[in-house]
Amino acid sequence: MSVSLKLTPQEEISADIPIDLEKTRQPQYGRYLDELDPGQVFEHPRGYTFDTTNMLDFARTYMQANPLYLNAQYARAHGFADLLASPQMVFNVTLSLGVQNDSEKAIANLGYYQVQFIRAVYPGDTLRAFTKVLERRDRGPDKPGITRIRTVSVNQNDEVVLQYERKIMVAWRGDRLPTTPAPDVTVDFPGEDAPEVQLPLTDGHFAPGLTGPNTYFEDYNPGDIIVHANGRTITEEHMALTYLVGNSHPLHFDRIFSSGLSGKMSGEPIVYGGLVFAWLDGLASRDVSEHAVWELGFTEGYHTQPAFAGDTVGALSRILAVEDVPGVEGYGIVTMQLIGVKNISAAAALEKHGADLFIKEDTKRGLGKDKITDKIFEIERRLLIKRRPR
Amino acid sequence: MSVSLKLTPQEEISADIPIDLEKTRQPQYGRYLDELDPGQVFEHPRGYTFDTTNMLDFARTYMQANPLYLNAQYARAHGFADLLASPQMVFNVTLSLGVQNDSEKAIANLGYYQVQFIRAVYPGDTLRAFTKVLERRDRGPDKPGITRIRTVSVNQNDEVVLQYERKIMVAWRGDRLPTTPAPDVTVDFPGEDAPEVQLPLTDGHFAPGLTGPNTYFEDYNPGDIIVHANGRTITEEHMALTYLVGNSHPLHFDRIFSSGLSGKMSGEPIVYGGLVFAWLDGLASRDVSEHAVWELGFTEGYHTQPAFAGDTVGALSRILAVEDVPGVEGYGIVTMQLIGVKNISAAAALEKHGADLFIKEDTKRGLGKDKITDKIFEIERRLLIKRRPR
Amino acid sequence: MSVSLKLTPQEEISADIPIDLEKTRQPQYGRYLDELDPGQVFEHPRGYTFDTTNMLDFARTYMQANPLYLNAQYARAHGFADLLASPQMVFNVTLSLGVQNDSEKAIANLGYYQVQFIRAVYPGDTLRAFTKVLERRDRGPDKPGITRIRTVSVNQNDEVVLQYERKIMVAWRGDRLPTTPAPDVTVDFPGEDAPEVQLPLTDGHFAPGLTGPNTYFEDYNPGDIIVHANGRTITEEHMALTYLVGNSHPLHFDRIFSSGLSGKMSGEPIVYGGLVFAWLDGLASRDVSEHAVWELGFTEGYHTQPAFAGDTVGALSRILAVEDVPGVEGYGIVTMQLIGVKNISAAAALEKHGADLFIKEDTKRGLGKDKITDKIFEIERRLLIKRRPR
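Chains as they are written, first to last, in this note's numbering: chain S, 1 to 390; chain H, 391 to 780; chain Y, 781 to 1170.
Because the hints were derived from the structure by calculation, they are not lab data. Don't take every hint at face value.
Stated by the list, open to error - Residues of chain S placed beyond 12 Å of chain H at every Cβ, according to the derived structure: (1) E35; (2) V133; (3) K143; (4) D193; (5) D203; (6) D224; (7) V328; (8) E351; (9) K352; (10) T363; (11) K369; (12) R388.
To be verified - Ranges of calculated distance between the beta carbons of each label pair, as one might list FRET restraints: (13) Y:G1090 <-> H:L411: 27 to 37 Å; (14) Y:I887 <-> H:T576: 57 to 67 Å; (15) S:T373 <-> Y:G1134: 47 to 57 Å; (16) Y:K1044 <-> H:G657: 29 to 39 Å; (17) H:M391 <-> Y:G819: 39 to 49 Å.
Idealized CB from N, CA, C, for every residue including glycine.
Pulled out of the complex, with its shape left as it was, chain S reads as follows (with noise of 0.2 Å):
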């Protein structure tokens, strides 16, 4: 079908309009405690649409050091198709995709977990996402109470990207507005259970001069702590930033909404933790990841702190474990802790708080230990990296 319409000039009408405030309606997004029902599936809005320079931007904006976001011809060397999304603009947008529907109204994202990547996403790939509500937790009528969700994204040809879980904390409605309802639509969860990542990777060690010398599997070691040079200082940026990714969340970038809550989220608008996240990973891109071929996944994500505009973020990481993969030769998989700091340089908190930076922050009281407030964020992630070329 075609549609043809003729423009003619278009008179101001306004004024014959009455103005009745009876008629007034202000349509909310997100979902309170009471409108998340264990089972439940929603289908996100929008969707999104990835292409080589918002990819690239990403990486660059984060700071990877892994050529496979930064360079196609490196990218297609190693047998991808194209040049990669960085898991961590895929996580970001994935992540993004779900808050208008699962969190606007929360009050705090308490964790990620069982993040897991399953295909690789190249320019002109369309993604949407769906999420499924794991678990509700009551915790009395007064008090925000926590759900689990589950979000999966999938590309044009539904096949499944990445999916993971988190923890938020959300309040019961109680008599606030009322949220716009889920469109009336029967959703299957394309979650997976037991999913397989399919590499196409070639054997062919292209460019050794692109990379590293000290980045390959054999370099690292359990117990390895690894303390990344720089830092970033992260300006008002993050505000178009979360919207960038697709965050709609007005914490973000609403200064008259965040200054209008009470308590430690009153004030500035916080930065979306998505992007604090690919900061740190990509400040520690060049020492752990430059060599890695996969981020096969993230769990036990925790922002233990907000940053501001004007934080300075720095990072550390510490080898868990190194493993060899049956049966692939060539790559090996390497388990890290990822360990966000603020306003200090990661080597300064280091010497300052020593071990204690790499116990999670929410057994520290079970420990008799203090938190640490220079501390942001802790995650454990798994990585298939290179072994080096003989």
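Put chains H and Y on the given structure of chain S with help from the hints.
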């Protein structure tokens, strides 16, 4: 012709060339009132190439919720050839293409009228723009006058994409430096008097889960007032964003220029109004234009207060009219007002000012009312919106 | 080879891995003076893929007026294969590709010399870079020395795109942490001694209305001083922009690092000089390089003062020479000085400092003159510029 040049070492020569201050020139751009003759036609410099990422970035930066501008798969499923440039981007670029010639010397942009969107802009398209001077209002030799101009953008096939009129306040040249003359070329003005929009819409109702359940044509009724929940804090990003759409007026990015002005505009660089409009439109989009398949036009658009870095803007819409389109099933036309406020939430502004928010500021004096200084923008717009699929 | 991996739930293991601070390492990047031997050749990490939008964004952010970098239709009509990357982008990227190896430990960038643009960069091209150490000046064991290096970028076909020299001030390592060794690969240095530029220029005079009437070869005469009207306020955007071109020196984006320095560089992050140069070039472009079809080269480029977020920069040009090109009709070569100032308009700086603005700062002392602290940059550049079409 192929030109071949040998590059030899470049000798330093500046010390040998006498410095003669008599040979100084200071090229000036824009036009003074004396240089804008009714009937005159200008072709504008540069042109502007659209590409997938810059279209996506614009839509995301300005918070669009309509997947036609965010999701190439969705746009194609609706019959479009590819991802669509958002109307706000097309409008901002067209206006900006004209600034260096038309308004770089302007004191104020007084209003937008009869903005008509005529053709889709796709990745790879290049726009050029032309302006015809329609009218010049002389208010005496000591006072700036007002000129009404019509600007049109065309694509690489010389097809008209957008046309609009605006009024600008411009001073007489007096003893100021002369401006750079326009290129000495005869230009046919490509504006159309009764343009026809051809939309390649398909019947398919793609992915109802990707958009909200309450934003179809049937969901709007004359008189409805819709308060958009989120605001956006504008940061110093606006200076870079101004040039990114091609606007060269120093008022928006040159603090030396801005602080050298006298009166109301003196001080920090003012946010280019087109960007403010784009954010307001984006803030409103998930409530009113998520299912729009075409922006038909705007008129009577006024920036009633300037915005600066640090300001937080919010938006409200009021439905003015709904119309069937003869011969076109599946879509209807909605006319609405878009109102912008700053440094107050949209909900609080409505509570504070009530019906007066929707009354045009320049009619307030005649009605014995005060202007609303919280209010920054007002316009009427017409959209072709999808009916709810059955 | 295709690698297949089953993703199983990721167990949390960090608490089980003993924390041993003895196993800490702090990888350092860049080179100390002792690590830069004349004759040594380095291949640089990562590479950089160019794409249509990142090329357009660069040209627009830095305010280019030459449509070759803004308008793909115009570039093709001139005989080029597609939109051209602006010379400033190619220069900034090439320099930045070398930073992690060459200058991340540098104290100061002392100057640019013999910058030669040899081949066009188009969307889809990937650049890699190489550096050869040319010279090392030892100024005693307690003092930083000066090294002169030559950096070359090549495209995916190993064709040289750009080469240039710079001098950097670097300290001896002393008891500082060792830096990461370069990859152990034998690298042939791709620099060319007498490079030849091949330009596929066509005779067509495309769209004379798209460019100004006064910026053809004939419009420039030796001695002409051109004051560029607009300035640009640099915001904290510069931190993100630094990494966007690939520059990893923490001086430009890590406030903890910057404020930990002693002396003149201590305090806020300093704007990466390449970005300052790009803005100055852009501010000048509509007056001097709008009709340039090739940037032949730069030399004697000095950042005479640093710039910080909040500074407003302005530019002046002075024509030094005009030359016919034997055998090439339609184009001529113009050599000019480009001068940058900050926190004063270009016009006011000329009024205040007169001829002294165009005298190289490092010759001022010999001439019994004071340095101009308003001045931030000086360079000589050569351009191939179109003659006025008849």
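Against the structure, test the hints numbered earlier, and report the numbers of the ones violated in rising order. none
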